[in-house]
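Student: Residue numbers (my numbering), protein chains in the order written: chain A, 1 to 124; chain B, 125 to 253; chain C, 254 to 349.
No lab work stands behind these hints, which were simulated from the structure alone.
One or more hints might be untrue.
Here's a subset of chain A near chain B, in silico, CB distances under 10 Å, partners left out [unchecked claim]:
(1) Ala30
(2) Ala33
(3) Asp119
(4) Leu124
Being a predicted model, the structure only gives us computed values, none of them experimental.
A virtual CB, placed ideally from N, CA and C, is assigned to each residue, including glycine.
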Amino acid sequence: MSTTKKPKTFTFISRSAPYGNNRPRLCLDAALATAVFEQKVNYLFMDDGVFQLLANQNADGIASKTLGNALETLELYGIDQVLVLEESLSSRHIGSEDLLFPVQLLQNSDLQSLIDSSDYVINL
Amino acid sequence: MKFSIIVYAAPASSQAASTALQFVKTLLHEGHDIYRLFFFSDGVHNTNRLVVAPQDEMNLPQEWHRLINNYEIDSVACVSSAIKRGIINEQEAKRHELDSSTLLDSSEIAGLGQMVDAMINSDRVVHFG
Amino acid sequence: MSTLHTLNKAPSAQLLASCIKTLQKGDAIIFIEDGVYHVLEAALLESIPPKVGVYGLREDISARGLADKCEESIEVVGYRSFVELCVEHDKIVSWF
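Bound conformation, chain A alone (with noise of 0.2 Å):
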């Protein structure tokens, strides 16, 4: 496997809610493996994605890993640009009060530019 050319930059958007299906945990494993390749990685929660970082979240009951405690490997995996669409969030009346761990709102203005800067996009 190469590794050696210049970093790529991906964005993977994560729009499902957790549990429902297994889109939220494709999506976190396809990232951090491309986190481990040295790449660019953006990873932006929007639409029913934003679930995903409710604070207070215990699937024992459910037969299921809890997906937020997964999520704080985002940052292990030196993914620091992990954001959150603003809109997803209030049209969802969850405040950032709400969530995990602080993390960068997008605007839906800023989202073109996002797509644009990226060479590769995983949406799930």
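Based on these hints, arrange chains B and C on the given structure of chain A.
Tutor: For chains B and C alone, kept in the frame of chain A given last:
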């Protein structure tokens, strides 16, 4: 141009895997190349050698198998997606003491790193889910 | 850099609204699979920004009995053009 294709969908439950196959056939016919096919999540069901399709329906795993062999395409089923769906090669079958392998021999089982490698080394990546 | 967007869900999934937020001049969108039901939705199609190419995949449109029902703003194309659109744009974002 070099493409990689990522398939998230199983045959038989949605159209996406069939669209992916048709897309890949077309791009090869147009003279483009496939760097890698990567079957992720439910997409790994496309690499099951034990699928039986009714006579009047397409057997999607067999169609992929033929195409992959004809064009000598690099095809990978994601290991973490595959083993939890019963898609295993002989090595995995032995390791987990199972009586049979299910993976078509035109694909191999490998980690997500192969998906990242595919993206980095392709001019275009198209996702079908 | 321009982007080709693919979208494969019917209008009821409201995926187009999310996609539109990311669209910019020079991009294109191709409706495939159940996404082709968008060919019936004049108002939704009008919400796509100007200078964005709007396409529908012929095979999926015909399969669903929509061939003579497409809004004029949709260009109906086959798989070869789908591949060509991927080549013409710098990257592909799939909405599914």
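Student: I'd like to know which numbered hints this structure contradicts. Please list them from smallest to largest.
Tutor: Violated hints: none; all satisfied.
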